[in-house]
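These protein sequences, in sequence, are chains A and B.
Using my numbering, you'd call the opening residue of the first sequence number 1 and step up by one each time.
Using my numbering, you'd call the opening residue of the second sequence number 1 and step up by one each time.
Don't read these hints as lab results, they were simulated from the structure.
These numbers come from a predicted model, not from an experiment.
Beta carbons: idealized from backbone N, C-alpha and C, even for Gly.
Be aware that a few hints might be false.
Some, not all, of what chain A presents toward chain B, calculated at C-beta under 10 Å [to be verified]:
1) E83
2) P96
3) L98
4) E102
5) R111
6) D163
7) L180
8) E183
9) V195
Computed from the model, here is a short list of chain B residues facing chain A with C-beta under 8 Å [what the hints assert, rightly or not]:
10) G3
11) A11
12) E14
13) C300
14) T304
If you anchor each label on the Cβ, the simulated ranges turn out as follows [unchecked claim]:
15) A:G14 - B:S429: 51 to 57 Å
16) B:A410 - A:S220: 51 to 57 Å
17) B:A410 - A:T58: 31 to 37 Å
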Amino acid sequence: MLRCESLTQVYQSGGRDLTVLEDITFQLEPGGFLAIVGPSGSGKTTLLGLLAGLDRPTRGSVHLDGQDLAGLDENERARLRGEKVGFVFQSFQLIPTLTALENVQVPLELRGDDPGPRGRELLTRVGLGDRTHHYPAQLSGGEQQRVALARAFSIRPKILFADEPTGNLDAKTGGTVIDLMAELNRESGTTLVLVTHDHDLASRARRTLRLADGRVVSDSAA
Amino acid sequence: MTGARFVWTMAWRETRASRRRLSLLIGAVAIGVAALVAINAFTDNLRVSIRDQARSLLGADLSFSSRRPLPDRVDALVDSLTCRTTEEPCGASARVVTFAAMGYVPRTEGTRLVRVEAVRGDYPFYGEIRTDPAGAWRRLQGDRQALVDPALLTTLGAAVGDTLALGTGRFVILGTVLNVPGDVGIGTAFGPRVFVPEEYLEETNLLRFGSRAQYTTYVRLDRGDAQPVADAYRPLLRGDRVSVRTVEESQRNLNESLSRLGRYLGLVALIALLLGGLGVASAVHVFIRQKLDTIAVLRCLGATARQVFAIYLVQAAALGLIGSAIGVVLGLGIQLLIPQIVRDFLPVDVRVTPSWGAIWAGLGVGTWVALIFALRPLLAIRGISPLEALRRPYEEAARAPRDLLRPLAAVALALSVAALAILQAESVSQGLGFTAAIGIAVGVLWLASLGLIRGVRRWFPSRFPYVWRQGLANLYRPANQTVTVVLALGFGAYLLGTLYLLQHNLLRDLRIDAAPTRPNILLFDIQPDQRDGLLAEFTVAGHTPTPFVPIVPMRISEVEGRPVFGPAAGDSAAPGQRRGGWAFRREYRSTYRDTLVRSERLVAGDWWDPAVPRDPGAPAPVSAEASVAEELGVGVGDEIVWDVQGVPVRTRVASLREVDWARFETNFYFVFPSGVLEAAPQIFVTLSRIDDPGARAQFQRRLVERYPNVTALDLSLVQQALDRIIGHVVLAVRFMAIFSLATGAVVLIGAVATSRFQRIREAVLLKTLGATSDQVARVVLAEYLALGVLACAAGLLLAIGAAWALTRFVFESSFAVPALQLLGLSGAIVLLTVLVGLWNSTEVFRKTPLEVLRAEE
Numbered sequence: 001m002l003r004c005e006s007l008t009q010v011y012q013s014g015g016r017d018l019t020v021l022e023d024i025t026f027q028l029e030p031g032g033f034l035a036i037v038g039p040s041g042s043g044k045t046t047l048l049g050l051l052a053g054l055d056r057p058t059r060g061s062v063h064l065d066g067q068d069l070a071g072l073d074e075n076e077r078a079r080l081r082g083e084k085v086g087f088v089f090q091s092f093q094l095i096p097t098l099t100a101l102e103n104v105q106v107p108l109e110l111r112g113d114d115p116g117p118r119g120r121e122l123l124t125r126v127g128l129g130d131r132t133h134h135y136p137a138q139l140s141g142g143e144q145q146r147v148a149l150a151r152a153f154s155i156r157p158k159i160l161f162a163d164e165p166t167g168n169l170d171a172k173t174g175g176t177v178i179d180l181m182a183e184l185n186r187e188s189g190t191t192l193v194l195v196t197h198d199h200d201l202a203s204r205a206r207r208t209l210r211l212a213d214g215r216v217v218s219d220s221a222a
Numbered sequence: 001m002t003g004a005r006f007v008w009t010m011a012w013r014e015t016r017a018s019r020r021r022l023s024l025l026i027g028a029v030a031i032g033v034a035a036l037v038a039i040n041a042f043t044d045n046l047r048v049s050i051r052d053q054a055r056s057l058l059g060a061d062l063s064f065s066s067r068r069p070l071p072d073r074v075d076a077l078v079d080s081l082t083c084r085t086t087e088e089p090c091g092a093s094a095r096v097v098t099f100a101a102m103g104y105v106p107r108t109e110g111t112r113l114v115r116v117e118a119v120r121g122d123y124p125f126y127g128e129i130r131t132d133p134a135g136a137w138r139r140l141q142g143d144r145q146a147l148v149d150p151a152l153l154t155t156l157g158a159a160v161g162d163t164l165a166l167g168t169g170r171f172v173i174l175g176t177v178l179n180v181p182g183d184v185g186i187g188t189a190f191g192p193r194v195f196v197p198e199e200y201l202e203e204t205n206l207l208r209f210g211s212r213a214q215y216t217t218y219v220r221l222d223r224g225d226a227q228p229v230a231d232a233y234r235p236l237l238r239g240d241r242v243s244v245r246t247v248e249e250s251q252r253n254l255n256e257s258l259s260r261l262g263r264y265l266g267l268v269a270l271i272a273l274l275l276g277g278l279g280v281a282s283a284v285h286v287f288i289r290q291k292l293d294t295i296a297v298l299r300c301l302g303a304t305a306r307q308v309f310a311i312y313l314v315q316a317a318a319l320g321l322i323g324s325a326i327g328v329v330l331g332l333g334i335q336l337l338i339p340q341i342v343r344d345f346l347p348v349d350v351r352v353t354p355s356w357g358a359i360w361a362g363l364g365v366g367t368w369v370a371l372i373f374a375l376r377p378l379l380a381i382r383g384i385s386p387l388e389a390l391r392r393p394y395e396e397a398a399r400a401p402r403d404l405l406r407p408l409a410a411v412a413l414a415l416s417v418a419a420l421a422i423l424q425a426e427s428v429s430q431g432l433g434f435t436a437a438i439g440i441a442v443g444v445l446w447l448a449s450l451g452l453i454r455g456v457r458r459w460f461p462s463r464f465p466y467v468w469r470q471g472l473a474n475l476y477r478p479a480n481q482t483v484t485v486v487l488a489l490g491f492g493a494y495l496l497g498t499l500y501l502l503q504h505n506l507l508r509d510l511r512i513d514a515a516p517t518r519p520n521i522l523l524f525d526i527q528p529d530q531r532d533g534l535l536a537e538f539t540v541a542g543h544t545p546t547p548f549v550p551i552v553p554m555r556i557s558e559v560e561g562r563p564v565f566g567p568a569a570g571d572s573a574a575p576g577q578r579r580g581g582w583a584f585r586r587e588y589r590s591t592y593r594d595t596l597v598r599s600e601r602l603v604a605g606d607w608w609d610p611a612v613p614r615d616p617g618a619p620a621p622v623s624a625e626a627s628v629a630e631e632l633g634v635g636v637g638d639e640i641v642w643d644v645q646g647v648p649v650r651t652r653v654a655s656l657r658e659v660d661w662a663r664f665e666t667n668f669y670f671v672f673p674s675g676v677l678e679a680a681p682q683i684f685v686t687l688s689r690i691d692d693p694g695a696r697a698q699f700q701r702r703l704v705e706r707y708p709n710v711t712a713l714d715l716s717l718v719q720q721a722l723d724r725i726i727g728h729v730v731l732a733v734r735f736m737a738i739f740s741l742a743t744g745a746v747v748l749i750g751a752v753a754t755s756r757f758q759r760i761r762e763a764v765l766l767k768t769l770g771a772t773s774d775q776v777a778r779v780v781l782a783e784y785l786a787l788g789v790l791a792c793a794a795g796l797l798l799a800i801g802a803a804w805a806l807t808r809f810v811f812e813s814s815f816a817v818p819a820l821q822l823l824g825l826s827g828a829i830v831l832l833t834v835l836v837g838l839w840n841s842t843e844v845f846r847k848t849p850l851e852v853l854r855a856e857e
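Turn these sequences into a full structure, and let the hints steer you where they fit.
In structure tokens form, the structure reads like this:
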């Protein structure tokens, strides 16, 4: 489902090369559940961005669902995301001008699909069936993250990337969100890749990749 | 749902959080469009009205006019054109003699310089002269009666039924003239009109030698077209100094001059729209920065850069379209006001109807301006990476590469401005000049605001009270709009300032003449035998006139041996036949003296020495005014032969003079030495100063009684007339310039609204740290005071530069800065800025910290 080889990312910072990721290689089967952990600055988020095709690596390659991301241009990668990839962010990143329902429907609308009842179903599924017309500012953090989750699953993604999905939530709310993610993973067979600090969360993954200073220091599957 | 529909839906949804701000941008566009639509629709209306009323502009199909009684051949021509000698007339003719004279009402003892129009026949043939009482025009002929402008009754304290004396003639005032077709209201500024029947003109004894009168015969043609007649006879009649006019020509001339007025006003309106565009650009710039997260998320969710760009581009276009639509509606309302403002220039009744051309153009131009100004800041969207939704850890590295489209968008913007200006000015050179002027003004204002930001940052004394430092620091906060606000307000100040300075300086020349040592009354048409008597009048009244200045009417018959009109009438190569050969055809009123006067300066050649005897056979030396010499193509040493009342006089140009015509003095194109013209028929003028207006009026009354043919021109009347004319022009332009200032205010409000949340957060922080509402208010005050003062100072400095250049090079007059009045204007603009700023920030300093924190949650 996801395969990366010798992935290296170097940024220019203050005129010097800063190697954020170095020679990362691993692959993940469909339906897998991977947690990427590591201290701050270890390159977790950068890795996530590269895996999802949000950025281009300095070296190495990423294959997502059999497609080499290096062979795709900006727009093709955007289309690939729109069809196969779901996202959950630490700070929810709902669009403030859209209602909960509209936020969930955006990916469908982007594909040109008729949203139909799916948005409402998903919101009901995450327990927000009665809040479809609320704006993000009218929802609590946990509620916002559940909307984000519903949005991520709206297109039935093959793979879901989550960046510290519980980072801004209290433990209880975070737990609910994780339960939901795990359930959706089971039900639809979506591959999950998440970056986290949270040990509880990481422990629920079937595989854990530990980063430090831009390198893989341990891989539970290895 | 298709991709396009997604773009439209998102564009709509994305307006939700910022409708207030967007409505301000809509307002900024709407004001400019309103001004543009109003003036363009009005110009269209004017063209249609002129076309519809063209025949009544002239009142006839054809007219012949001259400074002398029309020669017999014109009468013969008119007779044949109207088949007068045949059984069946095929037209009609009417005569009007127009001249200036003193009107005097014995009952009230009021005198006033008037414009007499002595009418014979059924004039006007087209259009109607409306009178009070109605129908009085038709009863005018056949008796000694007059119809007058209502203004004359007011100034003379007279009433209908009073007797009006014109020279030695007596006329009963029959009523007032309300409207003469083709007449411009401002035309009566120098003298109210008096209409009398021409058959009693003789009784006035006013038209003596040297009087300036205009003799016109109007012709109605029942068969055939007037234009071929005019084209055929014009060259033949030029030699007789008879000018021929047709309806078509009057219409064309009028269209040209009024369209020019419309085009200039349109350019001023365009500035308002461009300022609105500037407001859009600035707001979009800030807006995009606030939308970074949304844009990055959309990109993560699979939207292409192009789709996201399209969302906001559609928004900008829609905003422009809505603003333009509102502007069109407003413009149609304002259109009703414009005829009121320029009424005194209009020779036709303008029927106000919506002009579809102006409406569509307004919609198109407004939308385009919003789009093209939004384009460059919107391009930044293309560089926003989806990665920014995750975090922005390496901003420097993540920065998008330079987008080549951005300079292209800037070029497109500049080209659009130039194209709009060229379209509005209907002239490439004027459009480009206008664009360049705007470019310079924008450049100066931009530098001024950058200078302010940098200067405050670097040099503002740290010892100043905290509220001032904080307020001024706000000028360079992130996402500040200092430059935009200074540009928008500064431009308004610049326009209004330039207009004010021009008006002030143009009128100042005459004001200087009102100084106590300068003459303030001019007497002309004095016959030689009246000189002694007049001098005695002055002496009795205790006033001193200047020496009597002789005036000899003459015409040019040859220049450098070349006859002005060829040996055969209608020689098309002769200089007098040329279009614009007016300098060759006109009547010159020259004088003779041996010294230069104060308003003259020798620029070439030598002044003659009166002590040196001249060879009687040689041509007499004359001094020519420089500009007329240029028109005649003569220089020092060239020979001119004059026709002085039938006597040829040979002269040689001895010198060229520059003349300050703006002085209230007797100035001449040609000055002869003494000893040449003394024997020629001549009249005299003199000037004097009579300070007390009562004494001046009384003196004029005595003159009217004893010397009815002598005309007195009161400087204060000239002053009033000029004030009125310039005042009207300025009012029209100022009316349009106000739109720019209004747009500036809206842009300012928009700028305040854009940073509202940031301000509220800051204010809350300050309050949490112990600041009082009062202190927070003073921070805001300091910020807007600085903005207002800077915008004003930069705008007015520009205005001084522009007005100086215009006064100096276009109006060729001296320039002074009325500091006090400019300070007043500045005060008003600064006050406006501060009030708008404070009014929009009330929320910021009224709310308690807790309230805001809750609302922000």
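We went through each hint and held it up to the structure:
no. : hint                        : verdict
1   : E83                         : holds (7 Å)
2   : P96                         : holds (6 Å)
3   : L98                         : holds (6 Å)
4   : E102                        : holds (6 Å)
5   : R111                        : holds (7 Å)
6   : D163                        : holds (5 Å)
7   : L180                        : violated (19 Å)
8   : E183                        : violated (22 Å)
9   : V195                        : holds (9 Å)
10  : G3                          : holds (6 Å)
11  : A11                         : violated (11 Å)
12  : E14                         : holds (5 Å)
13  : C300                        : holds (5 Å)
14  : T304                        : holds (5 Å)
15  : A:G14 - B:S429: 51 to 57 Å  : holds (52 Å)
16  : B:A410 - A:S220: 51 to 57 Å : holds (55 Å)
17  : B:A410 - A:T58: 31 to 37 Å  : holds (33 Å)
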